[in-house]
Amino acid sequence: MNKTFGYGAENRWHDQYFEKGITLPGSAGVVCANALAVGQHDGALAVTLVADGAVSIPAAKKLTVTIQGSDAEGGAFADIAGAPEMSVSGGAGAATIFGDGETIGKLVLPDMAAFAKIKLTTDGAATGKVDVFLNYLAR
Numbered sequence: 001m002n003k004t005f006g007y008g009a010e011n012r013w014h015d016q017y018f019e020k021g022i023t024l025p026g027s028a029g030v031v032c033a034n035a036l037a038v039g040q041h042d043g044a045l046a047v048t049l050v051a052d053g054a055v056s057i058p059a060a061k062k063l064t065v066t067i068q069g070s071d072a073e074g075g076a077f078a079d080i081a082g083a084p085e086m087s088v089s090g091g092a093g094a095a096t097i098f099g100d101g102e103t104i105g106k107l108v109l110p111d112m113a114a115f116a117k118i119k120l121t122t123d124g125a126a127t128g129k130v131d132v133f134l135n136y137l138a139r
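Residue numbers (my numbering): 1 to 139.
Misleading hints may appear alongside valid ones.
Unchecked claim - Here are the computed lysine to aspartate or glutamate pairs in the EDC-like style, where the Cα-Cα straight-line distance is at most 16 angstroms:
no.	residue 1	residue 2
1	Lys62	Asp123
2	Lys129	Asp100
3	Lys119	Glu85
4	Lys62	Asp42
5	Lys119	Glu19
Unchecked claim - With beta-carbon atoms standing in for the labels, derived distance ranges:
no.	residue 1	residue 2	range
6	Gly26	Asp111	29 to 35 angstroms
7	Ala114	Asn135	29 to 35 angstroms
8	Gly53	Glu85	23 to 29 angstroms
9	Ala76	Gly101	31 to 37 angstroms
10	Lys129	Pro84	19 to 25 angstroms
11	Ala114	Ala92	38 to 44 angstroms
12	Ala94	Ala138	34 to 40 angstroms
13	Ser89	Ala37	17 to 23 angstroms
14	Ala114	Gly91	35 to 41 angstroms
15	Gly91	Ala28	20 to 26 angstroms
16	Asp71	Gly101	21 to 27 angstroms
Just so you know, the hints here were simulated from the structure itself, not pulled from any lab data.
Every residue, glycine too, gets a C-beta built ideally from N, C-alpha and C.
Can you make the complete structure from the sequences, with help from the hints?
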C-alpha cells in the first residue's frame, strides 16, 4: 500500500521555498526573501528548516523561527501575534551541530493571513546556512 498520502506523512511541492541557502544571522534577525501562499489551510502546512552544509548553534544560545503574515504577496509583512514559534538551542556546555541535509526543526503554521514569510533570529553567533521550505501534513 502506498503511504505517500497516508496519515502522518509529509509531502513537499517542487520549489516551495521561503529561501534556499539563507545564512543564519550572527546576533540579529533576517526575513526569508520569498512569500508563499498559505491562507485557509486548516493546520495542514508546516515550515521545515534543513541544514545546507554544517550549521552550529553556540552553547546556551538559540535560533528562533517566527511567522510573519500579510494579505497580499507584495504587502507589508508583520509578526503574527500569538502565533507559535520554534526555538532550537545550543547545548549547555557545547554547540549544537547539524550536518548537511539534517532537519533542524518543523513548525506547523497557524490559521493565518493569505501569505507568509519566515523570520530567523539568533541571540548568539550561529553559523551556517539553511533551506526553509513549506510542506503538507497529510491527515
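Going through the hints against the structure:
| no. | hint | result |
| --- | --- | --- |
| 1 | Lys62 - Asp123 | 6 angstroms, holds |
| 2 | Lys129 - Asp100 | 9 angstroms, holds |
| 3 | Lys119 - Glu85 | 10 angstroms, holds |
| 4 | Lys62 - Asp42 | 29 angstroms, violated |
| 5 | Lys119 - Glu19 | 11 angstroms, holds |
| 6 | Gly26 - Asp111: 29 to 35 angstroms | 33 angstroms, holds |
| 7 | Ala114 - Asn135: 29 to 35 angstroms | 19 angstroms, violated |
| 8 | Gly53 - Glu85: 23 to 29 angstroms | 24 angstroms, holds |
| 9 | Ala76 - Gly101: 31 to 37 angstroms | 34 angstroms, holds |
| 10 | Lys129 - Pro84: 19 to 25 angstroms | 24 angstroms, holds |
| 11 | Ala114 - Ala92: 38 to 44 angstroms | 41 angstroms, holds |
| 12 | Ala94 - Ala138: 34 to 40 angstroms | 37 angstroms, holds |
| 13 | Ser89 - Ala37: 17 to 23 angstroms | 31 angstroms, violated |
| 14 | Ala114 - Gly91: 35 to 41 angstroms | 39 angstroms, holds |
| 15 | Gly91 - Ala28: 20 to 26 angstroms | 22 angstroms, holds |
| 16 | Asp71 - Gly101: 21 to 27 angstroms | 35 angstroms, violated |
When held up to the earlier numbered hints, the structure conflicts with 4, 7, 13 and 16 and fits the remainder.
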